[in-house]
Amino acid sequence: EAQVTQNPRYLITVTGKKLTVTCSQNMNHEYMSWYRQDPGLGLRQIYYSMNVEVTDKGDVPEGYKVSRKEKRNFPLILESPSPNQTSLYFCASSTPGFTEAFFGQGTRLTVV
Amino acid sequence: DAKTTQPPSMDCAEGRAANLPCNHSTISGNEYVYWYRQIHSQGPQYIIHGLKNNETNEMASLIITEDRKSSTLILPHATLRDTAVYYCIVGYEALNFGKGTSLLVTP
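These protein sequences, in sequence, are chains A and B.
The numbers in this note's numbering rise by one with no breaks, and the one at position 29 of the first sequence is 29.
The numbers in this note's numbering rise by one with no breaks, and the one at position 103 of the second sequence is 103.
No lab work stands behind these hints, which were simulated from the structure alone.
Please note that a few of the clues may not be correct.
Residues from chain B that face chain A, not an exhaustive set, calculated with beta carbons under 8 Å [as the list claims (entries may be wrong)]: (1) CYS12; (2) GLY15; (3) ARG16; (4) HIS40; (5) SER41; (6) GLY43; (7) PRO44; (8) ASN53; (9) LEU95; (10) ASN96; (11) PHE97; (12) GLY100.
On a predicted model such as this, the values are computed, not experimentally measured, just so you know.
Don't be surprised by glycine CBs; every beta carbon is placed ideally from N, CA and C.
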């Protein structure tokens, strides 16, 4: 079954404690991306990657890092989380051009 | 990427066709029109996409005007499970979601 898997689904952490949200896809897709969703602001792109070792900033990259060492994985790293990064996060993957993107089920992050 | 304009909300009676409009007057020649939907707080789901021609699949139809400045997503027989936020996205290399249209299908 085609899947994008994010872990964890829920996370509560404290300010400044480094965390990583993992994302894995089983469709051999080249394109992967991360979004955050906040009430009233819709879905905003954080980072995207068009292939292994290629990453680019989206609309709201500040405070986040990503890496793409393998095609299937695209982890989102928060080196020093802050309360304004409390949000619902989605990972997505697709064939080139972001056509027919598949999204994960989301990670609800709370930073206190 | 071109910006899109959608009504913030719409209602539709169950069993009727839901027609969701989208304006994208600044679309450029190589940009596709994509439609996604998001049910509650689940991950967005791809519905359909097109470049110039009208498209149809098992979920919906996409009608793009000849000048490509607007489009309409048609759900031919809306059900309660179609209640969701529908996003019209125009672009080529990235999906930039706006705020979408919140569609409420009523019994």
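- Taking each numbered hint in turn, which are not upheld by the structure, reported in ascending numerical order? Result: hints 1, 2, 3, 4, 8 break, sorted rising.
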